[in-house]
Structures are given as structure tokens and as C-alpha cells.
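Chains as they are written, first to last, in the numbering used here: chain A, 1 to 729; chain B, 1 to 262.
Hints listed in this document are in silico derivations from the structure and should not be mistaken for laboratory results.
Positions of the beta carbon are idealized from the N, C-alpha and C atoms, including for glycine.
Do not rely on the hints blindly, as some may be mistaken.
As the list claims (entries may be wrong) - Below, a sample of chain B positions facing chain A; criterion: calculated Cβ distance under 10 Å:
id : residue
1  : 46
2  : 102
3  : 132
4  : 136
5  : 137
6  : 168
7  : 209
8  : 210
9  : 212
10 : 213
11 : 245
12 : 257
Claimed, not checked - Short, incomplete list of chain A residues facing chain B, as computed with Cβ under 10 Å:
id : residue
13 : 176
14 : 178
15 : 558
16 : 591
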Amino acid sequence: MAHSQPYGFPLCARRWHASSRIVAGVLALAAVGCASTPAAFSARYPDNVQSDLAVLLRRVQEAPPRSDGAIGAGVTTEPKKLYGYDVGTRRVLWQTPANVRFTPLLAGDVVVTQEGSTVVLRDLKTGRTRLSFDAHDMTLNGADGDDVNVAVVLTAGMGTYAKSRVVLVKGGAVAWERRLESTAGSPAVIDGMVLVPWSNQYLSALSMAEGDEFARLRVRDAVLGHALVNAGKVFAGSQHGIGQLTDTMMSGNLQNGPYLAAPKQPLPGRPLFLRDVYTQMPAPESAQNRIRLSWLPTGSSPHAVALAGGNLYLAFYRFVFAVDPKDLALHWVYAHEADLVGARAQADGLVIADVNGEVRYLAASSGKTVWFEKNGLPSVDLELPSAGAGSGVTADNAVPDAVAVRQQLVAAAQDADARMVPMRLLAVELLAKLDDAEATSNLLGLCEDERTTAPVRKAACLALKERKTGGDYLLTALQRHSAYLEGTLPPPVGALAKAAAAQHEKRAVPLLIAHLTDPSTPAETLPPLVTALADLGDAGAARPLADFMRLYHADPIDEHLGQALSLVPDALVKLIGPAARETLTQIVNDPLGTGTVRDRARRALAQLDDQAKAAEKNDEATKLAEEQEAQKQQAGTTGKQLLPTHITLDVVKQTLTPVREKLQACVQSAKPDAFQARVVLVIEDGQVLMVSVLPEQLQSCIEPLIRSQHFPMTQVSKRERLSYTIKRY
Amino acid sequence: MTQRPLVLLLGAAALVATSSCPRPALAENPVAESTALLASGDHDKIEAGIQGLGLAGTPDAVAPLVARIHDGLPPDLLDTAIVTLMALGQPQAGPVLFELASHRRPEIRTRALEAITAIAPKGGEDALRNGLSDGDPKVRAAAATGLGELKATDSVDVLFQALDRGNMEASTAIGKILKPGEVSRLLAYLGKIPFRSLGPAFAQLLQRKDVPERDKLALLAKLQDIGTQEVKTYLGDFLRTAGAGISQTLSRAILQAMQGIK
Chain A
1 MAHSQPYGFP LCARRWHASS RIVAGVLALA AVGCASTPAA FSARYPDNVQ
51 SDLAVLLRRV QEAPPRSDGA IGAGVTTEPK KLYGYDVGTR RVLWQTPANV
101 RFTPLLAGDV VVTQEGSTVV LRDLKTGRTR LSFDAHDMTL NGADGDDVNV
151 AVVLTAGMGT YAKSRVVLVK GGAVAWERRL ESTAGSPAVI DGMVLVPWSN
201 QYLSALSMAE GDEFARLRVR DAVLGHALVN AGKVFAGSQH GIGQLTDTMM
251 SGNLQNGPYL AAPKQPLPGR PLFLRDVYTQ MPAPESAQNR IRLSWLPTGS
301 SPHAVALAGG NLYLAFYRFV FAVDPKDLAL HWVYAHEADL VGARAQADGL
351 VIADVNGEVR YLAASSGKTV WFEKNGLPSV DLELPSAGAG SGVTADNAVP
401 DAVAVRQQLV AAAQDADARM VPMRLLAVEL LAKLDDAEAT SNLLGLCEDE
451 RTTAPVRKAA CLALKERKTG GDYLLTALQR HSAYLEGTLP PPVGALAKAA
501 AAQHEKRAVP LLIAHLTDPS TPAETLPPLV TALADLGDAG AARPLADFMR
551 LYHADPIDEH LGQALSLVPD ALVKLIGPAA RETLTQIVND PLGTGTVRDR
601 ARRALAQLDD QAKAAEKNDE ATKLAEEQEA QKQQAGTTGK QLLPTHITLD
651 VVKQTLTPVR EKLQACVQSA KPDAFQARVV LVIEDGQVLM VSVLPEQLQS
701 CIEPLIRSQH FPMTQVSKRE RLSYTIKRY
Chain B
1 MTQRPLVLLL GAAALVATSS CPRPALAENP VAESTALLAS GDHDKIEAGI
51 QGLGLAGTPD AVAPLVARIH DGLPPDLLDT AIVTLMALGQ PQAGPVLFEL
101 ASHRRPEIRT RALEAITAIA PKGGEDALRN GLSDGDPKVR AAAATGLGEL
151 KATDSVDVLF QALDRGNMEA STAIGKILKP GEVSRLLAYL GKIPFRSLGP
201 AFAQLLQRKD VPERDKLALL AKLQDIGTQE VKTYLGDFLR TAGAGISQTL
251 SRAILQAMQG IK
């Protein structure tokens with residue numbers, strides 16, 4: 001692979017770089033000599049040359065702002081026509097029959113389409129064809145332009161067999177064309193430069209005048225498929241994220257600088273942050289044009305790319321979610337009457353278009369409609385511009401309050417359109433993130449609404465147990481029971497039980513017990529109900545649980561009841577500990593009982609036994625510790641009582657232990673040899689009054705050792721005489 | 001013979017009929033011996049114990065039976081135990097029967113409500129009224145029947161509610177307990193719910209001794225006004241089944257009403 005070369009070498013040498021991919025290029029280098037710069041996209045071209053990139057950056061920074069147009073291009077329903085729509089003047093400018101293969105590309109003041117094998121560039125204002133050329137065996141893959149120049153990228157094949165063409169059109173003619181043996185992505189045109197991402201990790205800067213490559217960036221920490229220009233800034237990235245081109249990129253790490261990663265969490269319909277340029281472009285009718293993400297990069301901080309309005313827009317058929325690009329926190333939801341076939345972020349809002357030809361502009365901060373026109377054409381796709389919709393209008397910048405956002409989410413979650421399930425799941429997820437207690441009530445409503453699609457219900461029920469607020473709603477719901485005459489159905493007891501346990505809502509205990517004994521409580525909700533009663537830790541639940549287990553342990557009507565019964569033994573141990581022993585023993589000893597329940601009861605009993613043994617050990621250890629402590633205290637306070645009544649030989653031995661070896665050495669070193677030494681001691685009140693040693697020659701050795709030790713006091717003060725023998729060994 | 005002793009008798013008969021085991025021999029203290037069998041852990045011995053308690057027929061047989069029910073029984077033994085309680089007819093069985101009216105097996109709930117109907121313990125009407133809201137139609141039917149059997153006049157409103165919800169047995173019960181002055185309330189249902197739902201109530205009213213003859217004739221006139229073949233057939237069937245249970249005046253009026261319906 002290519003590597004940057006140090007400065008100071010001759011140009012040809014500096015631009016020569018070792019690469020396994022271009023070993024053959026060495027021969028080519030020899031052939032062309034050092035006299036010329038490698039051609040654009042040449043494998044011999046060096047990447048990340050700081051001086052080259054500095055030139056690129058300087059030119060980007062000095063580039064005058066590009067004036068992006070306000071005209072979009074759409075494709076009608078059959079009979080298929082291409083048309084231009086001006087979001088500034090809010091009207092259709094032109095329409096012309098066209099069999100467009102792929103989603104049209106807006107590039108400066110033209111729209112680029114592929115019709116059959118022909119690439120067509122039409123003037124966006126008039127629809128007149130400015131230029132067409134044969135794509136040969138390639139397909140359109142990207143285009144960008146300014147007032148005069150349009151760069152078009154065509155590609156074919158994949159991987160090793162990939163090849164691309166970059167065509168620069170100036171006015172109504174092809175200025176130059178460059179080919180490469182890789183896939184090139186969506187280019188950007190800025191101030192006399194064409195920036196072309198290619199082969200996943202390269203971004204080549206070509207001079208617009210000559211088509212020569214003058215700088216090449218190779219990134220190691222990101223995928224490059226798109227180059228974008230907005231507000232005088234250049235961004236590069238892919239469906240995984242975008243980074244702004246700044247001097248931090250010179251190291252080849254795009255993510256070290258301002259960077260925005262695509263949401264990690266899968267979004268409904270799995271729309272891509274940016275189109276994957278390594279797959280073919282979608283057809284105008286593709287669902288990708290009805291489920292899309294839109295955003296507009298604006299400012300940036302040293303490590304982040306900011307989006308216009310702080311919004312990442314998700315358009316999903318009829319809905320638009322404006323969310324925070326990082327944590328997907330919801331800003332607002334907009335529901336439309338018909339499917340959206342176009343959505344494009346602009347500086348202050350989002351311009352959208354529907355299948356019926358309605359075009360609408362939504363304020364970025366509130367999602368409220370700024371304007372709308374029903375004068376478009378029934379379309380399968382409308383690619384809208386990134387500017388112009390907000391000119392001359394004042395957007396409502398009031399941020400919707402929490403209640404409004406919640407109501408929007410609830411409405412979205414309840415939408416009856418079968419295609420909306422993924423979006424509804426997202427709505428439930430976002431609803432669950434709200435701190436509002438009312439959101440708990442809304443989730444509860446979704447959880448128990450039998451008309452709601454099963455996955456949405458399930459998601460709402462699951463979300464309930466994560467709720468930290470709205471406990472009163474849980475209790476109210478738990479108060480309801482099934483009653484045929486009243487026409488009421490049981491609440492979602494399982495979900496409510498889990499939620500109550502998660503919220504440590506002990507007020508739910510009697511209500512849960514009432515459901516435990518209610519035959520209309522669905523059997524599948526009994527296991528979570530039992531678990532919740534155990535988790536809530538109210539010992540008052542032990543009796544009903546024990547009664548429940550006794551009543552049904554010999555008649556587990558179905559698998560759910562059986563499962564619930566098997567959870568009761570552990571629940572009882574958890575709730576009342578050893579007091580559960582009698583009930584558990586009864587279950588274990590009933591041969592009519594179900595094996596599973598009896599096994600669980602047996603295990604619970606064993607657990608109690610273990611706990612009892614552990615407690616017993618603890619008791620012994622505690623008792624011992626207490627005794628020792630008591631002795632210590634006694635020694636401290638009534639030490640006299642622990643003193644020996646008199647000095648015994650044992651007391652002498654114990655006292656002389658520290659000098660025992662030295663005493664032995666005295667005997668062993670006796671001259672003449674001695675087999676023992678006989679010592680007579682006279683002691684009073686711990687004081688050694690006399691030491692007499694036989695044989696006498698050991699006196700001088702032994703006496704100081706004995707006197708060096710402190711003999712204990714005795715309970716009764718008196719002079720004591722002892723005879724002590726030190727035997728040689 | 002009233003319905004209640006009949007149910008008790010049926011319970012006792014069922015008790016004997018369900019026995020597949022040799023009946024325990026008569027003992028000096030049958031309750032104590034049967035109670036001992038209940039603790040055996042053996043299905044057949046437990047069954048024999050339950051039957052032994054039923055045959056003992058004394059009030060002190062209830063407590064061990066209740067205790068055994070609380071300790072848990074397989075469904076067949078539980079059913080036998082309830083039938084035995086029914087046969088014993090002791091009101092102190094009420095609490096356990098109320099509990100079993102909420103058993104997860106609908107057949108046990110049904111049996112419990114039948115036992116409550118037979119024993120008529122204190123609080124039994126409440127249990128039966130609750131049964132009208134049960135999710136199982138058989139349980140609801142047993143509850144309505146029981147309220148009719150117990151002449152639970154306080155339950156008329158809830159029985160009408162059950163009738164609104166298609167509980168046919170509620171119709172019979174209403175016919176049994178509706179006060180003569182409230183017959184118009186039942187007549188108001190004519191044309192609003194299927195006639196077949198009201199027929200059992202009318203049949204009861206026409207046979208009741210406490211309903212004045214004039215009210216019965218007024219009822220008959222209303223039926224004649226409906227004048228459908230369904231009503232004509234109904235009256236014919238009623239006349240055949242009621243036989244001598246109704247007055248000659250009423251019989252003649254019914255015949256005339258039938259003739260009046262083309």
C-alpha cells in the first residue's frame with residue numbers, strides 16, 4: 001500500500017512509493033521516467049503528502065461560498081416524466097417525458113439522469129438538455145456542480161473488476177474525462193477543484209482546469225464514498241459517518257477531526273446515513289426514496305460536525321422524526337397524510353414532498369408547517385435542493401413542549417398503517433425514553449390494546465418495566481379485572497407486575513395477589529406475577545403464594561401455571577426464609593404433586609438447609625469472637641482474676657521460653673560436659689530474688705538469662721521457691 | 001320436592017357413582033379413619049377417604065375435607081371432594097366453595113357454584129352473582145341457575161344484565177324470582193332480544209303459584225300480540241310440558257291464543 005514519503009527528495013523520487021499493489025507500476029515509472037507527474041488516480045500517486053493537502057485545504061478555506069440553487073427534480077408516476085420544482089417560488093418549472101433509470105442527481109444548475117445508456121444533463125431552470133453522452137457499460141454513481149461546472153461519476157463492476165469514469169462538463173461540453181480501475185463515489189465541486197472519493201479510502205483532488213490530481217488523501221479510520229460541500233466547508237464520508245476536511249486529516253485519520261458518526265442504532269427501514277456508493281443507485285420508485293435520512297452539515301467544533309437545526313431527519317413513508325444525531329433524542333414528530341417521496345434538510349427546516357404533489361416546508365425547531373403548496377406533480381420521487389425553501393418566510397422557532405411531543409409519539413405509535421410497524425416501534429422506544437409520568441399511561445394503553453400489532457404491543461409492554469415514573473397508572477390498571485358483564489378485560493398483568501417490581505412499587509402487592517387468585521388472569525402472566533411478588537419483598541405475599549402452590553401443585557393445568565408454580569418455592573424462601581420450610585416440606589412429601597414443583601421445593605429446602613448451616617457457623621464464630629472479646633475485657637478490667645495463684649513449673653517454663661535456646665546452649669557448652677543444669681529459684685511478686693545453678697560453672701551463663709525474664713505476679717503475694725531442671729538435648 | 005334437596009341427592013348419588021374403589025367398611029370412627037386416608041398420598045386411598053367422609057354424613061366431616069382441598073388435589077379428586085361437600089350440605093363448607101368458585105379450571109368453578117346453590121351458605125348469593133361475570137359460559141349458566149334456585153330476588157337487576165349479554169339461564173332465573181308486579185319489565189324485552197331467550201322466563205312465570213292469574217293472562221295476551229309461529233310453537237310446547245301444573249283457565253287461554261295466531 002502507498003505511504004507518505006518524507007520531504008526533501010526530488011519530486012519523482014518523493015512521489016515514488018513502495019506498494020505491493022503497484023509493483024508493476026515500478027516498471028511503468030521506469031518507462032515514463034521522472035519527467036512527469038503521475039496521472040489522476042494513478043496507483044503511483046502518493047497520498048497524504050502534507051504540502052499537497054495543505055494546498056487543498058487552503059483552497060477549500062479560500063473558496064467563495066457556493067450558491068446552491070432552490071430547484072429540485074422529480075420523477076412523476078406513469079407516464080414517467082422528469083420535472084423541475086422550485087421551492088423558492090413554489091411551483092413546477094418544467095416537465096418532460098423521460099425514462100429515468102435512477103434517482104435524479106442535482107448538480108449545480110443541472111439535473112443529471114441516466115436514461116437507458118445515456119447520461120443526460122438538463123438545465124434545472126428550463127429542463128432543456130444541456131448535454132448527453134453515452135455511459136457505455138457504466139451507470140451513474142454521483143454528480144455535483146456549481147454554476148458552470150458539473151462533475152459526473154459513472155461506475156461499473158465491483159471489487160477487482162470495478163472501473164469508473166469522472167467526467168467534467170463545462171457549459172455544454174465535456175472538458176475532460178478521467179478513468180480509474182476502482183469504484184469512484186459521489187464527487188464534490190468547489191472553487192476550481194473536483195474532489196473524488198474512490199476505492200473506499202481515497203479522496204483525490206483534481207484541478208478542474210486540467211483534470212490533474214494535485215492532492216490525495218487516504219484515510220485509515222473511515223470509509224469514503226461521498227464528498228460534500230456546504231456553507232464553504234468540505235465534508236467526506238460514507239454511510240458510516242462524515243468528517244470535515246481540516247488540517248487534522250493530514251494524518252490520514254478522518255475521525256480525529258470534526259466527525260459525525262452515523263447512528264449505531266438501527267432505524268426503521270434501515271435508511272443509510274449516506275447512500276452506499278459501492279452499490280447501484282436506487283430507481284426512482286425505490287422504497288429508499290420513501291425511507292430516508294436527511295441532514296445538512298453546517299458548523300463544526302474541533303471534534304464534531306454540527307447539523308442544521310441540530311436535527312437528523314428520518315422520513316418514513318408518512319412520518320418525519322427529527323432527532324438528535326448523537327443520542328436520537330426526539331425533537332418532534334410530523335405525520336403526513338400521504339407517503340413522502342422527497343425530504344431534504346435545509347438551514348432552518350425540512351422540505352418534504354408527497355406522492356400527490358404536495359410540497360411542504362417544516363420548521364426545524366418545531367416541525368410545524370411553515371408553508372405548503374399542493375401544486376406539484378404526482379410523483380414517485382422528488383429530489384429536493386438543500387436551500388431556498390426558507391427564503392422570505394419566518395419559521396416558528398418555538399420548541400414543542402413535552403406534552404406535544406408525547407402526543408405526537410402516541411399518535412405515531414398507534415398508526416394503523418401496516419407498513420408503519422418499524423416506525424411505530426421507534427415511537428414506542430422514544431416514548432419510553434420520556435420522563436413524563438403520562439408516558440407510562442400511554443405505554444400501558446399500547447401494551448393492552450388488542451387492536452395494536454403484536455410487536456408494538458410487546459415493545460410497549462417491555463418498555464413498561466423500564467419506567468421509573470407513573471407508578472399510579474400501574475396501580476390503577478392493576479385494579480381492573482376481567483368481568484364478562486361489565487365487558488372488561490384483564491390488564492397486561494405480566495407487564496404491569498414487572499413494571500411494579502422494577503419501580504419497587506409495594507402498593508402493587510395486594511393488587512397482584514388479587515390477580516394471582518383470579519381465574520381470568522391469563523396463565524402466561526402468572527410466572528412474571530410470581531416473580532414480581534418475590535422481587536417486591538413483601539412477606540405478606542407469602543401466604544397467598546403458598547396457598548396458590550398448595551392448591552395447584554397436583555394440578556398444573558397448563559405449562560404457564562406449571563412454570564409459575566415452580567417459581568413459588570424460591571419466592572417463599574426469598575420472602576420468609578425458614579418460615580417457608582413447612583409448606584415446602586409438605587409439597588416435597590406429596591406424591592401426587594408435579595415433579596417439577598416438588599423438585600423446586602426440594603431445592604428450596606436444600607437452600608434453607610445451607611443457609612441454616614451457614615448461620616450456625618456464623619453463630620459459632622460470633623460466639624467465639626464474643627468469648628475472646630469478653631476475655632480481653634476481663635483481662636483489662638479484672639486482670640487480677642487471671643493471674644496464677646502461684647508460680648508453677650509450667651509458669652517458669654513459659655516465662656523462660658524466650659531464652660530457652662540460650663539456656664540450652666549454656667548446658668551444651670559446659671566444661672566439663674554436663675547433661676543437665678539444676679536451677680533453684682526464689683521468686684516473689686514477679687521478682688527473681690535468687691538463682692542457684694548446679695553445676696556451679698553454669699551459674700554465670702544461666703543466671704543472667706533467667707533474671708532477664710519477667711515472671712508473672714501471683715494472685716497472692718508470697719515468696720516461692722522452685723527447683724527447675726534444664727536438660728541437655 | 002324442592003330443587004335444593006334434589007341437588008343434594010344428586011350429589012350423594014354422584015358420590016356413590018364416581019366411586020371406582022371398594023367403599024371403606026363401616027368403622028367406629030369413620031371421620032377419623034377417613035381423615036387418616038386423606039393423608040396417605042395415594043390417589044385411591046384419598047378417594048376412599050373422601051367418600052368415607054361423605055358417607056359419614058356428619059358435620060365434622062367437612063373440616064378434614066376442606067383441609068385436604070387446601071392441600072391440593074388432582075382435578076378428579078377435587079371434583080369428588082366438592083360433590084362430597086355438596087352431599088354433606090353443611091354451610092361451613094361455604095368459604096372453601098367460594099374459593100373454588102375462583103379455581104382456574106372452569107369445571108371446578110361450575111361444580112363449586114352448584115355446591116353453593118345446593119348448600120346455600122351465607123354469602124352464597126354474592127359468589128353466584130360474581131359467577132355471572134365469569135369468562136366461561138358454563139360457569140355463568142351455573143351462576144344464573146343458582147340465583148334462580150336460591151330465589152335471590154336482590155339479584156334481579158344483575159340477572160337482567162346477564163340476559164342482555166345472552167345468558168339464557170338468566171332468563172329462567174328471572175322467571176323464577178321476578179315479582180309479579182315487575183313482569184312488565186320482562187315484557188319490555190319482547191322484540192328486543194330473541195324470543196327464545198325470553199321463553200324460559202315466561203314458562204316459569206306462567207307456572208308460578210304466586211303470580212296472579214290475571215298477570216299470567218296479560219302475559220299471554222302480549223304473546224298472542226306478537227303472533228309469530230315461534231310463539232305458537234312455544235305455547236304448544238309449554239302446554240304439553242306444563243300439563244296439570246297450570247290452571248284450566250290458563251290452559252284454555254293458551255289454546256285460544258294459539259288459535260288466534262295464524
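Status of the hints after comparison with the structure:
1. 46: holds (8 Å)
2. 102: holds (5 Å)
3. 132: holds (6 Å)
4. 136: Result: holds, 8 Å to nearest chain A Cβ.
5. 137: holds (9 Å)
6. 168: Hint violated; residue 168(B) Cβ to chain A Cβ min 14 Å, cut 10 Å.
7. 209: Violated: closest Cβ of chain A sits about 31 Å from residue 209(B), beyond 10 Å.
8. 210: Cβ of residue 210(B) sits 28 Å from chain A, so the hint is violated.
9. 212: violated (32 Å)
10. 213: Constraint on residue 213(B) not satisfied, violated at 35 Å.
11. 245: Hint violated; residue 245(B) Cβ to chain A Cβ min 32 Å, cut 10 Å.
12. 257: violated (34 Å)
13. 176: violated (80 Å)
14. 178: violated (76 Å)
15. 558: holds (9 Å)
16. 591: holds (4 Å)
Going down the numbered hints, you'll see the structure goes against 6, 7, 8, 9, 10, 11, 12, 13, 14, while the others check out.
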